[in-house]
Each structure stands twice: as structure tokens, then as C-alpha cells.
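Colleague: Taken in sequence, the protein lines are chains A and B.
In short: position in the first sequence from 1, add 28, done, that's the numbering used here.
In short: position in the second sequence from 1, add 28, done, that's the numbering used here.
If you're looking for bench data, these hints aren't it; they were derived computationally from the structure.
Be careful, since some hints might not be right.
Note: identical chains are not told apart, hence a pair may lie in one copy or across any two.
To be verified - In silico DSBU-like pairs for lysine-lysine, Cα to Cα no more than 30 Å straight-line:
no.	residue 1	residue 2
1	Lys110	Lys383
2	Lys375	Lys390
3	Lys441	Lys265
4	Lys110	Lys265
5	Lys434	Lys265
6	Lys375	Lys32
7	Lys434	Lys383
8	Lys441	Lys112
9	Lys278	Lys389
10	Lys257	Lys441
11	Lys265	Lys278
So the chains spell out like this:
Number of protein chains: 2
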Amino acid sequence: MTAKNAFYAQSGGVTAVINASACGVIETARRFPDQIGTVYAGRNGIVGALTEDLIDTSQESQQAIAALRYTPGAAFGSCRYKLKGLEENRAEYERLIEVFRAHDIGYFFYNGGNDSADTCHKISQLSETLGYPIRAIHIPKTVDNDLPITDNCPGFGSAAKYVALSTLEASLDVASMSATSTRVFVFEVMGRHAGWIAASGGLASSQALAIPVIILFPEIPFDQQQFLKRVRETVEKHGYCSVVVSEGVKNPDGGFLADAGYKDAFGHTQLGGVAPVVARMVYNELGFRCHWAVADYLQRSARHIASEVDMEQAYGVGKAAVEMAIAGENAIMPVIVRVSDEPYEWKIDRAPLEKIANVEKKMPEGFISEDGFGITEACQHYLRPLTFGEAYPPYVDGLPGYIRLKNLSVARKLETTFEI
Amino acid sequence: MTAKNAFYAQSGGVTAVINASACGVIETARRFPDQIGTVYAGRNGIVGALTEDLIDTSQESQQAIAALRYTPGAAFGSCRYKLKGLEENRAEYERLIEVFRAHDIGYFFYNGGNDSADTCHKISQLSETLGYPIRAIHIPKTVDNDLPITDNCPGFGSAAKYVALSTLEASLDVASMSATSTRVFVFEVMGRHAGWIAASGGLASSQALAIPVIILFPEIPFDQQQFLKRVRETVEKHGYCSVVVSEGVKNPDGGFLADAGYKDAFGHTQLGGVAPVVARMVYNELGFRCHWAVADYLQRSARHIASEVDMEQAYGVGKAAVEMAIAGENAIMPVIVRVSDEPYEWKIDRAPLEKIANVEKKMPEGFISEDGFGITEACQHYLRPLTFGEAYPPYVDGLPGYIRLKNLSVARKLETTFEI
Chain A
29 MTAKNAFYAQ SGGVTAVINA SACGVIETAR RFPDQIGTVY AGRNGIVGAL
79 TEDLIDTSQE SQQAIAALRY TPGAAFGSCR YKLKGLEENR AEYERLIEVF
129 RAHDIGYFFY NGGNDSADTC HKISQLSETL GYPIRAIHIP KTVDNDLPIT
179 DNCPGFGSAA KYVALSTLEA SLDVASMSAT STRVFVFEVM GRHAGWIAAS
229 GGLASSQALA IPVIILFPEI PFDQQQFLKR VRETVEKHGY CSVVVSEGVK
279 NPDGGFLADA GYKDAFGHTQ LGGVAPVVAR MVYNELGFRC HWAVADYLQR
329 SARHIASEVD MEQAYGVGKA AVEMAIAGEN AIMPVIVRVS DEPYEWKIDR
379 APLEKIANVE KKMPEGFISE DGFGITEACQ HYLRPLTFGE AYPPYVDGLP
429 GYIRLKNLSV ARKLETTFEI
Chain B
29 MTAKNAFYAQ SGGVTAVINA SACGVIETAR RFPDQIGTVY AGRNGIVGAL
79 TEDLIDTSQE SQQAIAALRY TPGAAFGSCR YKLKGLEENR AEYERLIEVF
129 RAHDIGYFFY NGGNDSADTC HKISQLSETL GYPIRAIHIP KTVDNDLPIT
179 DNCPGFGSAA KYVALSTLEA SLDVASMSAT STRVFVFEVM GRHAGWIAAS
229 GGLASSQALA IPVIILFPEI PFDQQQFLKR VRETVEKHGY CSVVVSEGVK
279 NPDGGFLADA GYKDAFGHTQ LGGVAPVVAR MVYNELGFRC HWAVADYLQR
329 SARHIASEVD MEQAYGVGKA AVEMAIAGEN AIMPVIVRVS DEPYEWKIDR
379 APLEKIANVE KKMPEGFISE DGFGITEACQ HYLRPLTFGE AYPPYVDGLP
429 GYIRLKNLSV ARKLETTFEI
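Okay, chain A solo, but in the shape it has when bound (with noise of 0.2 Å):
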């Protein structure tokens, strides 16, 4: 086989290291000259590639392409956008082989979660149907940790790891205040559906700083008494105590706790934000003074604390997707495998795209503790872990050094135009 071209896209939310993920595909890519051309990257993802906006990565120095393995965001932009069906909408999957085509692409990558997972699987299946030959490889990405199959998802550990630290620290503080001032520490992380990150804020304490932390998880439906019974327990108990809040808990009826009552003076309702809404019981119905913060994009973004595990599992995967595909593979997702939990120890091996696709993840029976408000000692035993070692970026005048690449376009090809 002649060398072929090859698409990488990033999808969905960021993480403090996909960014790593990609400097694993290009620099592995780089390797092989013989069986890959170019890696062209889709402008905001697939976007990028439906549209014929394509960004020439050969354009970009050695050096360049290696600060992706400390740099933040979407190097090459992201986007929320899932494709329809093969049923609904053929034409979008025909249009994506039509590109490919045109800029004799071979090798497909797509960084991102459970909904990419199910777009690389079918464009793996028409592209036999349509007899037009691509190698499709999802690499797993997302901070909500919901992959199945994989021991864990690139992006989640750097993202426990904050919540951990912030929440560890956030609890000195309140433990500092709490004779004469604040109680309770309320702090919000993400979570639709599952509650993997806020479990991560559990391993703040430790077996060296026992830290009171009351987790509100999204698989558990809110019981207010019970919620405040514990806070009050543990504030008379040890002075002080930290709620981790799931964006995504419920109220027993199936609403969202975060929309709780709150409507502005024109009866809209508030933008997100149930760290508040918590705050506010705490204070009215316990008397306890309340500071709240919001993580929202901080928490998977922060690559300035990323873990060190974490980033070097982005890479591999990565780096093992350009492998796999170049030893004939398609249609697999690289996996992250747990070889040994003390000392951590794992390996990357391959799963088939037909059991990642759609298949959520939740968080085991076992990892949340019988009163529902904390993680168990097998949950220690799996995140901890992943938040090993500190991948700092290097610094320049007191910030990190993130690289902005240079993104040049690839000429158009055809004639035609998609419309988004």
C-alpha cells in the first residue's frame, strides 16, 4: 500500500490533555512516512471535515507539535455536533468519503467520547459498503470517564485530580475560617450522569489529612433531610465540612436540583448552578455560613496540574491508534488495561468499536458508600491512581507556555459545499 493521508479530529469537551493525544497521533505519524502522508486535522472537528476545512499539521515545527503534550484546549478547535444516523442522514457520511477521497485520505482518528465512538464505527462500515478503503480508529477522550471497557478515559484523571486538590485546599481554607465564620464549603463539579468526577473529590482526604467531604452524586436521588441530618453531624463533629456537588443531581421527582426554585425577576431560569442552590439550604435551614464555587471549564482545562498517568495515557493511546491502524486494524479504539493496582501498572490494548459505541458507563455499585454521600475504599483503590505525578508545562514570565499552532488550511479540493 503507497502512503495515504490521514484525518485527525477532536470532539466534544475539551480535557487538559487531548491536546497529548494528538502529539501521540502526528509525532507516531511522522514516524511512519511510508505507510502515512499527511495528518490533516478537522478545523473544529468534524466540522472541519463535512466543510473542506482542513489544517495542513506537516506545517508545524517538531516543536510545535511536541508542546501539544503540555497544551490545553483543542489545539485544532472542537465542536458539539453528532452526526445523525446512517438512516437520517446518509448524506453526511457520504460527504465526510467524498472529502476523504478528494485528499486521498486512508486513515481516519477521532478523539473524543461516547457519541464519536458510534460516528467512527459507522464511517468504518459505510466506507466498505461504499467500497472506499479507510482505516477508522476512535481514541478515547472525555473527562466524564464513561467509556466502557477501558480501565479509564483519557482526560479523566487530570480533571479528578483537580477536583481533589481544589477540593483539598478549599477545605483548608474553611477549616482555617470555621470558628468564628464559614462552615461549609460548597463545590460544584461536572457530571450529567455519572458521578466520576465528583467522586474525585473523596480523595481529598486521606490516611495523612482526614478532610470531612459530603458528595452529592447524580446517581443518587437528593433526600434534603438526609443531605442536611450529615452536614450538620459533621460540622458539630469536626467544625467544618466540604460538599462536592455533581451538576447533574437529582431532585427525587427527576428535576435537576440545580433548578430548584431559582427564576430571575422576569421568571427565566437561572443559567446552571446548583453549588448556590445547595449553599442556600445549608445556610436557611442549618444557620451554617456557606462559600460556594462553580469548576465549570477550570476542571478540564487545567493542564497546569494535569497528572501525570493521565497525560501519558493520552499519548499512548494515540500514539497506539497510528500503530494499529498501520498494522491493518479499524474499527477498534485503543483501551486502557489495569495491570496492577499497587504499583499502578497498565498497558494499552484494543477493543472493537461495536461494544464502545453508545455504551455508557456508570459508576459501579460498590464505589459509593451505603449512605450515598461518599466513596468506598475500592473507589480509593481505582482513582487514585490516575491522578498520579505532577506533567507540569514549562513556564514563561510567571505563566505556562502553551503553544498557539499555526493551523494553516488545506487548498479545497471540490467544487461542492456542505451546510452544517
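We have chain A; now place chain B onto it with these hints.
Modeller: Structure of chain B alone, referenced to chain A:
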């Protein structure tokens, strides 16, 4: 003079490096056993002195005290407790002297902001009046950076670094998503009266990476029309923008913007939160999707990314306070003097407390850009060196190895108690 004991207390909101000052005090005092006996710390700040609740720091190992350099929060507890004026409540000051006398305390080191500088000053005055000799030295600390004379305040540089860094990282995130999703990121930071912390968000934009940041200062009355115009123009030009908003931003009528129209179903005003107000305004008026974060305690406890300059200065003022006290000085505060801008050099001098107490340093006029939405070159020059260097803490199993001291109590000597 035979050796006298020393009293050290932490006051008000904590910083990432207030314990580095404590470390400077205790390590330096231990080098002068002929002048200073034991350093007693107030449990929960000055409240510990009033209630004769003292901590014996001599029970802590050299290693434990050294670990204060990299541990956030207030290791001995802090408090929000402002002593009244001498005329209003002379009893409080007399009680302090009573406790000091009982424990043979000849040195008073008070680590805080404007209020505690005032308290420290009053104590030095009263000790003269009452004929009990004490050397009262105030050690500067405040993330608000609003103490006069000193070029900057220990604690601020680390908050500035955290805010600049977080703004940068979240901006890379929103830039990645802006083609099809979120366009504006709103980041709420501290600063009720002075915009120093909000100004630090402007550091996210550098020569290497131009980031569109709009800052809302507490010093500038909020002009909704001008603000929305600026957001629209910025998003049209760059595709996205970040808004760093100070919690203290006020409407032209003087009310906090955070209070705008925000009541819950029971008519209670929301606890804090100007970020969601701004995000909703941008979304409702301009139609741009927004994300928002509230840093709260995280910005003042983020020891994991403390500025090295800040840490060294915090340690330095603690060390200098002890050296000045031993040299016989009284009623002063060590201040930081900027010797040179490039390269940044600083030294420690002293200033009389009567010139410090109750004076608040606002942002100078030349530091806010003419349009009121950004910082000037002069402000960049002032701020940036304060964020230089990364004073990383050691890590254990993925998290910083912060210390918790034993904090053993000193036996009470007084029969009397004191009601707070």
C-alpha cells in the same frame, strides 16, 4: 533583656502563603533563643489570645514547621474578628495585655490586612499606657493587595497567578468550542472594593498568546450597554471571549450587580454570584452561549500553583518581623520595596503602623485602560513579576503533602475567662 515569649496570630481571610510567613516567624525565632523563648500561636487568630487559647509551636518538629512553607490555609486557624476602637472596648485590649503578661509574652506578631494593622497599632499604644512592654509588629497578608506603602501584599501574587492561569486555560477551552457552541466564558473573582485580583485576569493575554479578556472592575460603575457592545465586538472579531468579573462590581446606582433581580422562590436574595448574572445577561441580550465559573476560596488557597516570588516574600516578611523586633523596633510593618522592574528585584524595608492602619490602596488610575474594560501596560509591568516562579509543594500519591500541625495547647494560667 532576658528571653521573652512571642505571640503570633493569623487574621482574616487566608492566602496560599500565609503559612510561609508563619514559617518565617517561627524558624527565625528559633535562631534567637537568647531573645525569644517560645512562639505561642493564637488558636483561631486573636480570639485565641482573648480566650487564652494558645498553641505551643515548640512542640512542632523542625520538619513540620518547614512544611508550613508549602501548606495553604491558616495552620493555627484564623478568624474574622475585628477589635473595636480603644474607646469603645478598652476591655479587649486590656485582656490581651493580661494574657500576654501571664505568659511572659514580649513580642506580638500579627499577620493580616488593614484591620489587623490597626489592632497591632492600638496594642503597641496601649502597652505603653499600661506600662507593659511589648514589641508589636504587623506582618502583611492579603489577597486584596490593598495595604499602603508596601509595593504589594504577600498572598496577592499567588492569587494573581491563579486567576491569570485559570483565565488562560479556560480561554483556550472556550476558543476550542466557539465555532459551534460556547462563545463566552465568565469568571468571577474576589475583590469587594479593589480590582487587583480582577486585573490579574488581564495577564492571561501575553505577547505569545493574545487572549481576548474583558474585565469588570469594582472601581468602574457597570455600564450594561457598553459592556454588551464590547462583548459583541470581541466575539465578532475573535470568535470568543473571556470576561473576568470582580464580585464587587456595582451598578451606577451603587447596588451590587450580583444582586440584580436574583431572588429565589421565597424572596431570598441569592448568596453571591455575579458570574451567573453576567452570563445570563450575555445570553439573553446577545444570544451567545456562555459558561461561567466562580473561583471563591480556590483563588486564595491554590498553594499548588503559588508564585515563588510571593512565597519568598511571605516568608521574608515573617523573618524580617522577628529580626526587627529583636532589634528593638515596635509599631511597624515590614514592607516590600520594588528595587527594579526588569529584572524584577525586591527588598524588605519597614513602615510605621500609623501610616498603614485603616488605609486602603486602590488601583492607581493609570492601571485601568481608558475604556474601563482592561489593564494598561503599566499595570502589566506591575503585576507580572508578582506571579513569577512556581513554588511547587511535594506530592504524595497524586496530592500535595500538606501538613497539619499537632497544635497542642498551652496550659492556661489565668483564672479569668473572656466572652467573645
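Colleague: From the Cα coordinates, with 30 Å as the cut-off, is the pair Lys375 and Lys390 best called within, between, both, or neither?
Modeller: within (22 Å within a copy, 55 Å between copies)
Colleague: My question is about Lys110 and Lys265: at a cut-off of 30 Å on alpha-carbon distance, are they close within one copy, between copies, both, or neither?
Modeller: Classified as between; 27 Å across copies, 49 Å inside a copy.
Colleague: At 30 Å max between alpha carbons, let me know whether Lys265 reaches Lys278 within a copy, between copies, both or neither.
Modeller: within (28 Å within a copy, 39 Å between copies)
Colleague: Treating 30 Å as the Cα threshold, decide for Lys441 and Lys112: within, between, both or neither.
Modeller: This pair counts as within: shortest intra-copy Cα distance 25 Å, inter-copy 77 Å.
Colleague: Is the C-alpha distance from Lys257 to Lys441 at most 30 Å within one copy, between copies, in both cases, or in neither?
Modeller: This pair counts as neither: shortest intra-copy Cα distance 66 Å, inter-copy 39 Å.
Colleague: Indicate which option fits the pair Lys375, Lys32 if close means a Cα-Cα distance not exceeding 30 Å: within, between, both or neither.
Modeller: within (28 Å within a copy, 62 Å between copies)
Colleague: Can you tell me if Lys278 and Lys389 fall within 30 Å by alpha carbon in one copy, between copies, both or neither?
Modeller: within (19 Å within a copy, 45 Å between copies)
Colleague: Within a copy, between copies, both or neither: which one fits Lys110 and Lys383 at a CA-CA cutoff of 30 Å?
Modeller: For Lys110 and Lys383, the Cα distance is within 30 Å only inside one copy (19 Å; across copies 63 Å).
Colleague: How would you classify Lys434 and Lys265 at a CA-CA limit of 30 Å: within, between, both, or neither?
Modeller: between (56 Å within a copy, 18 Å between copies)
Colleague: With identical chains treated as interchangeable, where does the CA-CA distance between Lys441 and Lys265 reach 30 Å or less: within a copy, between copies, both, or neither?
Modeller: Intra 69 Å, inter 28 Å, cutoff 30 Å: inter-copy only.
Colleague: Taking 30 Å as the upper bound on the Cα-Cα distance, should Lys434 and Lys383 be classified as within, between, both, or neither?
Modeller: neither (37 Å within a copy, 53 Å between copies)
When the structure is compared with the earlier hints, violations turn up for hints 7 and 10 and for no others.
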